[in-house]
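A.B. asks: Sequence:
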Amino acid sequence: MISAVEKRQSVAGHVDVWYCFTDDHRLNSRLDQYETMLSSAELQQYQQLMHGSNGRDYLISRALLRTVLSEYCGYSPEKISFCVNAYGKPELINDEGQGQIQFNTAHTSGLTVCVVTRDNDVGVDVESRAENRGVLNMADDYFSALELQALNARSDDQQLDYFYRYWTLKEAYIKARGEGLSIPLHDFSVVLDEKGAFSEFVGPEADRWDFDILCKNPNYTAAIAMGGKINSIAYFHSIPLGQEVELSAEDAFNHFPNNVSGQRNRMIG
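Numbering (our numbering), first residue to last: 825 to 1093.
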């Protein structure tokens, strides 16, 4: 646990992106320690899941969130407390006198992600990339007319990739707003440029919101939405209570290499 003097600093407009592959064998020796971090409610949830395929992912996702937030608020991971808003979005309780730490988490099969910034609402979504074109049928139910037109204009070999880009950007926005599915998915649009990067948001308070696609490799797609300008992003691969490595945007979200040029190591938790 780092001391309060060493607390990680963050500023509005900067986003730290933390991630962990939940099938990493280095996590195995730490699972019992992760369990001791959980609140009673989290422990109950974990016990309901632990005998199924989702139990490990849930436990590691909570451990990642708690060890990451401990770096920013100066509390040990097990002492961090959460509340939720009326729609269930979690918020940090013990954030006294430090400005408002904003965070959000997402996980999919094999990967958990946590994003942290200051002051601005933030949301993240990550999806495991299935090579099943059947998911494209969901677009009619969840995408706006503008998004559907843009998706259908893509070539057949691009459509699945772009589906996940639209999907994660929209989900990240919903999560950042923290109002659940009270926000109709047809009522706002994200626009991508010719290279598939975020270009424009068409929706409420459009000038306020900014987006970025964090990961678009063959295995995963991840995106963030923030209620303010995204000025910079840093990426960290983390083993909770173990090693942290800062990576470039190009190297992030690839299965962890033994040696990465320019990596920065430290122990966290």
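Incorrect hints may appear among the rest.
[Claimed, not checked] Below, a list of computed lysine-lysine pairs in the DSS-like style, where the Cα atoms sit at most 27 Å apart: (1) LYS1019 with LYS913; (2) LYS1053 with LYS1019; (3) LYS1053 with LYS1040; (4) LYS1019 with LYS1040; (5) LYS831 with LYS1053; (6) LYS1019 with LYS903; (7) LYS831 with LYS913; (8) LYS1053 with LYS913; (9) LYS913 with LYS903.
[What the hints assert, rightly or not] Quick list of simulated restraints, FRET-style, between CB atoms: (10) PRO1028 with GLY958: 43 to 51 Å; (11) HIS849 with LEU970: 24 to 32 Å; (12) PRO1028 with ARG850: 17 to 25 Å; (13) GLU1024 with SER979: 15 to 23 Å; (14) GLU1074 with GLU1024: 23 to 31 Å; (15) ALA954 with SER863: 26 to 34 Å; (16) GLN869 with LEU970: 31 to 39 Å; (17) PRO914 with LYS1019: 12 to 20 Å; (18) GLY912 with ARG850: 27 to 35 Å; (19) GLY958 with ASP856: 26 to 34 Å.
I should point out that these hints are in silico values taken from the structure, not numbers from a laboratory. Note that the structure is a prediction, hence the values are computed from the model and not measured. Glycine is no exception: its CB is placed at the ideal position from the N, C-alpha and C atoms.
A.B. asks: Next step is simple, just say for each hint if it's right about the structure.
C.D. replies: Here is how each hint holds up against the structure:
Our distance criterion of 27 Å between C-alpha atoms is broken by LYS1019 and LYS913, whose separation comes to about 32 Å. For a cut-off of 27 Å, the pair hint linking LYS1053 to LYS1019 stands: about 21 Å separates their Cα positions. Only pairs whose Cα atoms come within 27 Å are accepted, and LYS1053 paired with LYS1040 is accepted, the gap being roughly 21 Å. For the hint pairing LYS1019 with LYS1040, the CA-to-CA distance comes to about 12 Å; that is within 27 Å, so the pair holds.
With a C-alpha separation of about 24 Å, the suggested pairing of LYS831 with LYS1053 holds against the 27 Å cut-off. Of the supplied pair hints, the one linking LYS1019 and LYS903 is violated, its CA atoms being roughly 44 Å apart against a limit of 27 Å. For the given pair, LYS831 sits about 25 Å from LYS913 by alpha-carbon distance, which is consistent with the 27 Å threshold. Between LYS1053 and LYS913 the alpha-carbon distance is near 21 Å, which keeps this suggested pair within the 27 Å criterion.
Under the criterion of a C-alpha separation no larger than 27 Å, the hint pairing LYS913 with LYS903 is consistent with the structure, at around 19 Å. With their beta carbons about 32 Å apart, PRO1028 and GLY958 fall outside the hinted range of 43 to 51 Å. Against the hinted window of 24 to 32 Å, the Cβ-Cβ separation of HIS849 and LEU970 comes to about 44 Å, which falls outside the hint. The hint said 17 to 25 Å for the Cβ distance between PRO1028 and ARG850, and at roughly 43 Å that hint is violated.
Hint check: GLU1024 to SER979, Cβ distance near 22 Å, so the stated range 15 to 23 Å holds. One distance hint, 23 to 31 Å for the beta-carbon pair GLU1074 and GLU1024, holds here, with the actual separation near 25 Å. Between ALA954 and SER863 the C-beta distance comes to about 33 Å, which sits within the given range of 26 to 34 Å. As the Cβ distance of GLN869 to LEU970 is approximately 38 Å, the hint placing it in 31 to 39 Å holds.
Hint check: PRO914 to LYS1019, Cβ distance near 34 Å, so the stated range 12 to 20 Å is violated. Range check, GLY912 to ARG850: about 32 Å between beta-carbon atoms, so the 27 to 35 Å window is met. Between GLY958 and ASP856 the C-beta distance comes to about 40 Å, which lies outside the given range of 26 to 34 Å.
Violated hints for the displayed structure, listed by number in ascending order: 1, 6, 10, 11, 12, 17 and 19.
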